[in-house]
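There are 2 protein chains.
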Amino acid sequence: MGALIGQMMQMPLLISSLVVHAARHAGDTEVVSKRVEGDLHRTTWAEIELRSRKLAQAFGRLGCEAGARIGTLAWNGYRHLEIYYGASGSERVCHTINPRLFPEQIAWIANDAADEVLCFDLNFLPLVEKLQAELGTVKHFVLMTDRAHMPATSSIAGLLCYEELIDAENGDWQWPQFDENTASSICYTSGTTGHPKGAVYSHRSSLLHAYAAALPDAMNCSARDVILPVVPMFHVNAWGIPYSAAMVGAKLVMPGPHLDGKSLFELFESEKVTFSAGVPTVWLGLLTYMKANALKFSSFKRTVIGGSACPPAMMKTLQEDFGVEVIHAWGMTELSPLGTLSKLMAKHESLPHEAQQRLLEKQGKVIYGIDMAIIDDDGKRLPHDGVAFGNLVVRGSWVIDRYLGNPASPLVSVDGEPGWFPTGDVATIDADGYMQITDRSKDVIKSGGEWISSIDLENIAMAHPAVHEAAVISCHHPKWDERPLLVAVLKPGMNVSGPELLAFFDGRIAKWQIPDDVVFVAEIPHTATGKIQKLKLREQFKGHRLPA
Amino acid sequence: MGALIGQMMQMPLLISSLVVHAARHAGDTEVVSKRVEGDLHRTTWAEIELRSRKLAQAFGRLGCEAGARIGTLAWNGYRHLEIYYGASGSERVCHTINPRLFPEQIAWIANDAADEVLCFDLNFLPLVEKLQAELGTVKHFVLMTDRAHMPATSSIAGLLCYEELIDAENGDWQWPQFDENTASSICYTSGTTGHPKGAVYSHRSSLLHAYAAALPDAMNCSARDVILPVVPMFHVNAWGIPYSAAMVGAKLVMPGPHLDGKSLFELFESEKVTFSAGVPTVWLGLLTYMKANALKFSSFKRTVIGGSACPPAMMKTLQEDFGVEVIHAWGMTELSPLGTLSKLMAKHESLPHEAQQRLLEKQGKVIYGIDMAIIDDDGKRLPHDGVAFGNLVVRGSWVIDRYLGNPASPLVSVDGEPGWFPTGDVATIDADGYMQITDRSKDVIKSGGEWISSIDLENIAMAHPAVHEAAVISCHHPKWDERPLLVAVLKPGMNVSGPELLAFFDGRIAKWQIPDDVVFVAEIPHTATGKIQKLKLREQFKGHRLPA
Chain X
454 MGALIGQMMQ
464 MPLLISSLVV
474 HAARHAGDTE
484 VVSKRVEGDL
494 HRTTWAEIEL
504 RSRKLAQAFG
514 RLGCEAGARI
524 GTLAWNGYRH
534 LEIYYGASGS
544 ERVCHTINPR
554 LFPEQIAWIA
564 NDAADEVLCF
574 DLNFLPLVEK
584 LQAELGTVKH
594 FVLMTDRAHM
604 PATSSIAGLL
614 CYEELIDAEN
624 GDWQWPQFDE
634 NTASSICYTS
644 GTTGHPKGAV
654 YSHRSSLLHA
664 YAAALPDAMN
674 CSARDVILPV
684 VPMFHVNAWG
694 IPYSAAMVGA
704 KLVMPGPHLD
714 GKSLFELFES
724 EKVTFSAGVP
734 TVWLGLLTYM
744 KANALKFSSF
754 KRTVIGGSAC
764 PPAMMKTLQE
774 DFGVEVIHAW
784 GMTELSPLGT
794 LSKLMAKHES
804 LPHEAQQRLL
814 EKQGKVIYGI
824 DMAIIDDDGK
834 RLPHDGVAFG
844 NLVVRGSWVI
854 DRYLGNPASP
864 LVSVDGEPGW
874 FPTGDVATID
884 ADGYMQITDR
894 SKDVIKSGGE
904 WISSIDLENI
914 AMAHPAVHEA
924 AVISCHHPKW
934 DERPLLVAVL
944 KPGMNVSGPE
954 LLAFFDGRIA
964 KWQIPDDVVF
974 VAEIPHTATG
984 KIQKLKLREQ
994 FKGHRLPA
Chain R
454 MGALIGQMMQ
464 MPLLISSLVV
474 HAARHAGDTE
484 VVSKRVEGDL
494 HRTTWAEIEL
504 RSRKLAQAFG
514 RLGCEAGARI
524 GTLAWNGYRH
534 LEIYYGASGS
544 ERVCHTINPR
554 LFPEQIAWIA
564 NDAADEVLCF
574 DLNFLPLVEK
584 LQAELGTVKH
594 FVLMTDRAHM
604 PATSSIAGLL
614 CYEELIDAEN
624 GDWQWPQFDE
634 NTASSICYTS
644 GTTGHPKGAV
654 YSHRSSLLHA
664 YAAALPDAMN
674 CSARDVILPV
684 VPMFHVNAWG
694 IPYSAAMVGA
704 KLVMPGPHLD
714 GKSLFELFES
724 EKVTFSAGVP
734 TVWLGLLTYM
744 KANALKFSSF
754 KRTVIGGSAC
764 PPAMMKTLQE
774 DFGVEVIHAW
784 GMTELSPLGT
794 LSKLMAKHES
804 LPHEAQQRLL
814 EKQGKVIYGI
824 DMAIIDDDGK
834 RLPHDGVAFG
844 NLVVRGSWVI
854 DRYLGNPASP
864 LVSVDGEPGW
874 FPTGDVATID
884 ADGYMQITDR
894 SKDVIKSGGE
904 WISSIDLENI
914 AMAHPAVHEA
924 AVISCHHPKW
934 DERPLLVAVL
944 KPGMNVSGPE
954 LLAFFDGRIA
964 KWQIPDDVVF
974 VAEIPHTATG
984 KIQKLKLREQ
994 FKGHRLPA
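Line by line, the protein sequences give chains X and R.
FYI, the numbering for the first sequence is 454 to 1001, going by our numbering.
FYI, the numbering for the second sequence is 454 to 1001, going by our numbering.
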């Protein structure tokens, strides 16, 4: 008889429909922005929608066709939000560039994406003036400000003024309908090796991610929320908040470039922020400022923390001292970015507080839409028992299939089934699906077929009172193939011997996982973003001979 | 340059992925069912997934191909849930039939859908035995019970036992991947005129509905919830709860046929239910029982009430006396069914309680994914000002395109743009998108180009102490085309004159909307489901001459 086809309306999942929804159902709900220009700017979802349409008209007037890449170098603010909707909604592609990268990386990325337009905040004018000669594909440079703030002169010929572009249009233009698999935006990974790689999101993937991200077990976004994304809009679309906020009609508060403790606290309080999201570092600054001034939050209820593991002590402080629920999350550029978030299940409500805390410190459970597995080096599934750890692989509607301009598939097979994205992380998954990152794949130590987490060993070494910093790397061993070597920097004026430090591991981890040796160094090499360069360390200690 | 295509994984949105997700991430979370057999049955999402797979195998063994319709006559229970997943997940179509319909309607619907298999609960055996001769397309009759409960003899030749079908399979079978636009299930509307019509949902429409239904501003479902759907699974898929519950890994409590106050209360308490959903009538029974026995809920936090308008007094009682948040909702079979739900926005939090209450008494705002408008009889948009009322039309990913077996499009145009589904309701929409039903399209009174809500007039008449029941219908008027006529039934022993009753409207509604005349009758005609038969009333009073 053959499959029956459903008889439902076919509506493509398009990003423009989010801002139209927000304008219609939360038209006077505010979008408040701390501007680069210094002041606090207030607008509404209705205005954002109208101006996004005018911006789309302006891109058309500039000669940008469907598929044209619109690059941005900008902080979180309403103009950046208008570019999100104006570019993607008009079948063009919003390409957010991380302005914190080295200038040559910025140029490389803009060229790789073939950006036609580059929109940038006022404070990035000197950077763009310096880079313009290298930006071969960019035809139009747009300064995201009004006429009053335009420079008297600039080395950029024909520098355009954002507000003038908007003002020249009448808004008499309708959002086009097109295939939901069309590219909506591009974000580049900040790879530690080689060139950055572009992830090309589609309207469909962004919309499904927006639904999932707003669910109660994820960011839990509603029309009663005031959301301040500390995570930048150039960092995986601010974790999708610009989309989920429009979906639910929440008020948005954009901090601009002012991410110091004082600026953030004042904005949280004056705008009555209920929800935020960001990396651990930013909370450190905020909490330090608040403690120093004996301040409390009056409206802030919960935050998602991701990007890197949230230290348990920070979770505890936020929850117990400041009354803020911390939702620990894991994701990556290739996942749009949300993969897992840690929330309790009904059966955990009767657990003692400490046991609940240990669950919440994990990276958490996948949201529906993402499928996850851990595999060994032969691609075989490992058990979800919370103990076995293996290479973390994922698949789902908002996971990349390949990178921009690179036809080679990065995907791997699981038990012979192709189509899984290897995250490069090593993790455990328990029977309820709670995932915990234990290492990066390239850093795990493979000893006689068993894996040892370098992070676990580093955390123990760092707990020793004499140790300032520690890194654990694999070292060749004739019998076990690899064994852990501890590289440690001592605190000024402190002292501990190698055997003493290794004895410190006794009882804190299984005996066979204890490092075979320690070397003390004056300094451990770091990347520009502060990560330990383990590759460099491994090269440095390639010839190190472990004790028998 | 042409549009750029996103480079994301292409994963079809399939219903089977929901139960796989639940089994993997909430495997030991319970599904508890009050069985027709009389006892309380406990299983888990992991078991449900396994048995759904076995059921899919069994359908294959019975010779059901892709597209085969699997009919059900069943209460809310785990076996019904397994049929949802086993049928839809194997590319067959789950067709839930309302057992409360007249037997001839049931037969007509099963034939119209061409059901190949009919699965039914034990207490429907006599009904099916009586109907079997008329069920021309049904090849297999499956009694949803175990061997011990099978009848010694039955007039149904080859009557199959559900548990035996399951037990004969090994579960060594994988959920197939196919086009997400494939039909997943069929529900028939209970039309007041003509034959019922079939809505054919797709996997895509059901999945998008499941995401939207679980959002904080909709049903707000999480892994911490224990959900008891009072709304039957034969009534628009229990409003999607079987899907949303699996999506978030919530515990499900299925009440079977026992919907009286005592049975429900005991189940709410013993299983620690946090969330429920149902029509107003069922809450009436529950609250009456609780009041009579001075009982309180210990875990129940919120409920969605829809199907028909929730009386404000019931909302107040549930919220103030029983501490249960009431979420007023509107939907219909053609909308899968959720269209709007009433929740407050951030800006309403400072409103006085009474003003909040008036908003919550409306049918609420659309969830993202549904688009809504009100139009006049010429298809022109009317303003969203909370005052203008017009024909309510909708469109979206979970709205039907046409009915089963009927190529004619039911859709209409809005300002010349085709593709909107006419709901048959008349409503207002305010500037924030809060919708309020004011009438059914066919019942509204069109007086000199202005519309008058029959429901508003009935509510006023019913507030008069002498009035037992009231219906307002349109009556031909030579000048105004239509004018309202009030038909009233007096309470036993009470009396009021026509002019006195009309005077009661003064100050309660605009003068020009007050009915022109009153007729007192002994009884107002009702349908089998208790609705006033206004068509019959209009025929009865066709010749009525209004006073000049």
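Just to be clear, a hint being listed does not mean it is correct.
Stated by the list, open to error - Only some residues are given here: those of chain X computed to face chain R with a beta carbon under 7 Å:
no., residue
1, A456
2, L457
3, L712
4, G714
5, K715
6, G901
7, G902
Simulated from the structure, these hints should not be mistaken for laboratory data.
From the three backbone atoms N, C-alpha and C, an ideal C-beta is built for every residue, glycine too.
Hints versus structure:
1. A456: holds, 4 Å
2. L457: holds, 4 Å
3. L712: Status violated, d = 24 Å.
4. G714: violated, 25 Å
5. K715: Status violated, d = 25 Å.
6. G901: Given a least distance of 31 Å, the restraint on X/G901 is violated.
7. G902: Constraint on X/G902 not satisfied, violated at 27 Å.
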